[in-house]
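Build the full structure now, drawing on both the sequences and the hints.
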Amino acid sequence: MIRFDQVTKTFPSGTTAVENLSFTVAPGEFMGITGPSGAGKTTVLKLLIQETPPTSGTITVAEIEVGKLKPKDLPELRRAVGAVFQDFKILEDQTAAENVALVNEILGTSLNESLSSASKLLAEVGLGGKENLFPRQLSGGELQRVAIARALAVKPKVLFADEPTGNLDADTAAAIMKLLIDINSAGTTVLVASHDEQLLKHFTDKILRLKKGKMIT
Amino acid sequence: MNRSLRTAGKYLRRSPYQAVAAGVVLTITFFLISVFLLVTAGSAKIIRFFETRPQVTAFLKDETKEEEISQLKNQMGNLPGVKSVNFISKQDALNIYRRQNQNDPLLLEMVTADILPASLEVTAADPLALTRIASVLKQNPAVEDVVHQQDVIDRLLGWTRSIRVAGSSLVALLLISSMTTVFVIVSMKITGRRGEIEIMRLLGASRGQVVAPFLLEGIFYGVIGSLLGWGAAYTALLYSTPLILKFFVSIPLLPVPFVFMSALLGGEILLGSLVGLISSLFASRRFLK
Chain G
1429 MIRFDQVTKT FPSGTTAVEN LSFTVAPGEF MGITGPSGAG KTTVLKLLIQ ETPPTSGTIT
1489 VAEIEVGKLK PKDLPELRRA VGAVFQDFKI LEDQTAAENV ALVNEILGTS LNESLSSASK
1549 LLAEVGLGGK ENLFPRQLSG GELQRVAIAR ALAVKPKVLF ADEPTGNLDA DTAAAIMKLL
1609 IDINSAGTTV LVASHDEQLL KHFTDKILRL KKGKMIT
Chain P
35 MNRSLRTAGK YLRRSPYQAV AAGVVLTITF FLISVFLLVT AGSAKIIRFF ETRPQVTAFL
95 KDETKEEEIS QLKNQMGNLP GVKSVNFISK QDALNIYRRQ NQNDPLLLEM VTADILPASL
155 EVTAADPLAL TRIASVLKQN PAVEDVVHQQ DVIDRLLGWT RSIRVAGSSL VALLLISSMT
215 TVFVIVSMKI TGRRGEIEIM RLLGASRGQV VAPFLLEGIF YGVIGSLLGW GAAYTALLYS
275 TPLILKFFVS IPLLPVPFVF MSALLGGEIL LGSLVGLISS LFASRRFLK
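Chains as they are written, first to last, in our numbering: chain G, 1429 to 1645; chain P, 35 to 323.
Misleading hints may appear alongside valid ones.
As the list claims (entries may be wrong) - Among the chain P residues that face chain G by a calculated CB cut under 8 Å, a handful are:
no.: 1; residue: 36
no.: 2; residue: 46
no.: 3; residue: 189
no.: 4; residue: 234
no.: 5; residue: 236
no.: 6; residue: 238
no.: 7; residue: 239
no.: 8; residue: 240
Just so you know, these hints were derived from the structure itself, not from any lab.
All values derive from a computational prediction rather than experimental measurement.
Using N, Cα and C, we set each Cβ at its ideal position, and we do this for glycine too.
Pasting the structure below:
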């Protein structure tokens, strides 16, 4: 499903965020990526959705070699990988339902249909009845759930959540992780990046440890 | 498309002052384009009016006797290429003047038959005969001055040429300023919505989906500007109709044909859309790399 082969990413500033990174994630797996700040967890997500291209090495997602994609083919990749960003990337001037519906609208579904499926998804992540609230009216945990619902809107083959429990209290963090486990149980391959290794250990045995961009054992 | 339209509408609602600024600049541009085209079409019509009336007017000296006039009339009537000869006495000239200025009593009070010259209107069967007729009239001692349509047409052509050059330059300048205004406004919108654009791209929106609302916004400015500019020019034309009718008494300039006004509106909407589209396309190319 996902394969990183000797991937290195060096930014123009000279900083190497990821160095010779190789790992494989099988379809339906739940994998954790952990490491301290600056270890390269977010860079892995950025490489996966081609937000930034690798300096060397190859990345394959669902048989597609990401590095070889032309700019016009990128939207297709980004629709196949559901991403939950560390900073949520939620539109402040749109309601929870509109934020989730956006993905389906991009795919050409009508607004009413997109809003209706967004309401169902929000209910699935535990936000039933909060469809019409704006981001400023939601808590951190609720915003995280909106971001997860949005990532699920396109029924992705892969879901990557970057620090999904970042600033949440222990109970909310556990609830979010439980939600990701449920999503994985339904057949979606899930990658979770978190600095909290202990939390990840509660939910999966397959953990990739990073330090200064390198894999450690 | 629905989403792009909705988003474009949202962008417009959220920054109404920028939309008004763009609308005003484009309205002024299209108002002046409409006026320029109406003036150009009007002058062409005036020239055609004179071209289709091959006529020479000879103003007679006040002391000219009736026998001399009659002799000149016969001489011109027998000249080859002359279609008709019409004598306008001082009293006839006054009657024509009164008819033309019937709504202006002040002008009527000041003029009497004495100060208006009698004249001979010689109509040619062929416009090419005008110069020959004029030269025969000029040689006659009873004739004070000769005016023939070619002089009028040449003078009108000169004016029309000047109007065209000045008008085209002004229109070009205004179009450039309109395009710059739309470019700046759309660029500001793109810069202000960087975050939203980034999110859309990360969620899999194509470049076309990201750019479409901005292009639609540019087209909207162009269409609104052309509609309002055309409407303002048409209103001004209707408002000034009595003045135009009074000034160009015998030249049938008005009403402007419906087909002409419709074609003008259609052309301006098309031009407005292109101005908006090209400007916003440049802005999105510049700021959405």
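Out of the numbered hints, which ones does the structure contradict?
2 and 3
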